[in-house]
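Participant: In the order they appear, the protein sequences are chains A and B. Its first residue numbered 1, the first sequence is counted upward by one per residue in this note's numbering. Its first residue numbered 1, the second sequence is counted upward by one per residue in this note's numbering.
Honestly, the hints are just simulated from the structure, not real lab data. Keep in mind that the hints are not guaranteed to be accurate.
Unchecked claim - Where chain B lies over chain A, by a calculated footprint (3+ residues, C-beta under 8 Å):
no., stretch
1, 3-12
2, 46-55
3, 117-129
4, 156-164
5, 195-205
6, 229-243
Claimed, not checked - Only pairs whose alpha carbons sit at most 16 Å apart, straight line, appear in this in silico EDC-like list of lysine to aspartate or glutamate:
no., chain 1, residue 1, chain 2, residue 2
7, B, 114, A, 220
8, B, 114, A, 249
9, B, 167, B, 147
10, A, 171, A, 153
11, B, 91, B, 147
12, A, 171, A, 220
Beta carbons are placed, not taken as given, at the ideal position from N, Cα and C, and that holds for glycine.
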Amino acid sequence: MMRPHYNVVRLSLIVAAILIWQLLSQYNILNPLVFSSPLASVESLYHLFGGHTSLVGFYPSLYATLTEIALAFGLIALIGIPAGIALGWNRFAQVSIMPLIIAFFSIPSIVLYPIIYLIFGLGIASKVIFGVVVGLFAVLENCSAGAKQVPREYVTLSRSLGFSKMQLLRKILIPSAIPYITSGLRLGFSFGLAGIIAGEYIASTIGIGQLIVTALDLLEIDYVFALILLVIVIATLVNFILIFVESRETKFKLV
Amino acid sequence: MDTRLKSATVQAVIILLFLLVWQLLRSWNIVNHLFLAAPSELLTRSAFAAFPGYLHYFGTTVNEILIAYAIAAVIGILGGFLLSRSNYVYKVLEPFIVWGYAIPKIALFPVFLKLFGLGSTTVIVYGAITGLFVILINTVTGVREVDSHLLTVSTSLGIKGTKRYTKVIFPSVVPAIFSGLRQAVIQVVLGVLVAELVLNTIGVGDLIDTLSYSFNVVDLYFVVATVALVMIFVNLALLNVESRLSFWRR
C-alpha cells in the first residue's frame with residue numbers, strides 16, 4: 001500500500017481538527033462559555049488589531065510583551081552563550097561552578113516570581129528578569145555541552161598551527177558548538193516566553209497575559225482565545241525562525 | 001591541593017558570598033524591609049514558629065504533585081511506546097509533539113480554568129500536561145534508539161511479541177525513560193506551583209502569593225527558601241540515581 005506523504009497527512013490532520021472544532025462550536029456541543037470557535041477567535045484577533053473592540057489597551061499590552069520578550073531573550077543569549085561556553089570549556093568550572101548552577105536552577109522558578117515582583121515592581125522589569133531566570137539554564141546547559149564535545153584533536157591541531165586564543169574560539173569552538181547553541185536558544189526562548197506569560201497572569205499591570213486575565217474576567221471568551229492564539233503564533237513563529245537559522249548554520253561543517 | 005577540595009572551596013566561597021550580599025542588601029538598607037528579608041531574619045525563632053501553621057498548604061500541593069506526576073508518567077510512557085510502534089505514525093506526529101513541547105502551555109491555562117474550575121482538578125491537569133511531554137519524548141527517543149543489532153539478533157533467535165518487549169526493549173530503554181521521569185519531576189512541580197499561583201485559591205502557590213500581597217516578607221522568604229531547598233535536594237538525589245543507572249548500563 002502506498003502511504004501518502006507525511007506533509008499531506010499532517011496538513012489534513014490540522015484541517016480536520018480545525019473543522020471539527022468549528023462544527024462542535026457552531027452546534028453548541030462545546031460550551032460557548034468555555035470555548036470560542038476558530039472563526040470567532042481569528043475574527044476577534046482581527047478586531048483587536050483593527051482597534052474595533054471593547055477590550056482596551058491591546059497595542060500597549062502587545063508592545064509591553066514584545067519588549068519583555070526581546071529584552072529577556074537578548075539577555076539570555078548575551079549571558080548564556082559566553083558563560084555556557086566558558087563553563088563547558090574549563091574543566092575546573094565544570095566540576096566546581098556547574099553543580100551550583102544545576103542546584104540553583106532545580107528551584108521551581110515560579111516561587112521566585114513573587115520576590116522578583118516585590119523588588120522590581122509590576123511593570124516590564126520584573127517580567128524581563130523572571131524570563132531570564134526561567135530561560136537561562138537551557139542556554140547555559142546546551143552551550144556548555146556544546147563546548148565540552150569539541151574534539152580535543154582540533155584543539156591540539158589549532159595549537160600546532162599557532163592559532164591565537166581568539167582564532168581558536170572563532171574558528172573551532174563556536175562553529176562546532178553551533179547546533180548546541182541554537183537548540184539551547186530555542187529551549188531558552190520557549191521557557192522564557194512561558195515565564196513571561198505566567199508572570200503577566202500572576203501579577204502585572206500590563207501585557208498580553210494580563211489582558212487575557214482581564215478578558216477572562218469580562219467573560220469575553222472570543223478575545224481570550226484570540227489572545228491565546230496570538231501568543232501561540234508568536235511562539236511558533238520565533239521557533240520557526242530559530243529552526244531556520246539552525247538548519248542554515250549547521251550546514252557549515254567543520255570537516 | 002586536589003581538585004575536589006579546590007572545587008568544594010570555590011563552591012563554599014560562592015555560597016557564602018551570595019549569603020553575604022543578600023544579608024548586606026538588607027543590613028545596609030539598600031532594599032526596603034517591605035520587599036526583602038535577610039538570611040539572619042529567616043533563622044529567627046518567629047520565622048520557624050509560623051511554619052507549622054502553613055503545613056497544610058504543603059499537604060495539598062504534595063498531593064496534587066503526586067497525582068499529576070502519576071498521570072504524566074502513565075500517559076507519557078504508554079504514549080511513547082504506542083507512538084514508536086509505527087515509524088510512519090511517529091514521523092507524521094513528530095512535528096506536533098515538538099511543537100507541543102515548544103509552545104507555552106501556560107497560554108492555554110484559561111481554558112483549563114474554565115473547564116475544571118478554581119480547585120485542585122485544574123492544578124493537577126495542568127501539572128500533568130507540563131510533565132507529560134518530556135516523558136513522552138524521552139520514551140519515544142529511547143525506544144527508537146534501541147540498538148538495531150539487538151533487534152535483528154532477537155528476531156533471528158525467534159524472540160517475539162511480549163518477550164521482545166520484556167527481554168530486549170525495556171532493559172535498554174530504562175535509562176532514557178528514567179531521564180524523562182527525572183526531568184518531569186521538576187516540570188510537574190513547576191506546573192503545579194504555576195497553576196496554584198495563577199489560581200490563588202489552594203496550596204503553596206496560594207500561600208506564597210498571599211504572603212507576598214500582604215508584605216509578610218519573612219514568612220514569604222522562609223516558605224520560598226523551604227521549597228527551593230527541598231527541590232534542590234530532590235533533584236540532586238535524582239541526578240545521582242540517574243548517573244548510577246547509566247553507569248550500570250555501560
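Participant: Evaluate each hint against the coordinates.
Facilitator: Structure-based check of each hint:
no.	hint	verdict
1	3-12	holds (count 4)
2	46-55	violated (count 0)
3	117-129	holds (count 3)
4	156-164	violated (count 0)
5	195-205	holds (count 5)
6	229-243	holds (count 5)
7	114(B) to 220(A)	holds, 12 Å
8	114(B) to 249(A)	violated, 43 Å
9	167(B) to 147(B)	holds, 13 Å
10	171(A) to 153(A)	holds, 14 Å
11	91(B) to 147(B)	violated, 19 Å
12	171(A) to 220(A)	violated, 55 Å
In the structure shown, a violation is registered for the earlier hints numbered 2, 4, 8, 11, 12, in ascending order.
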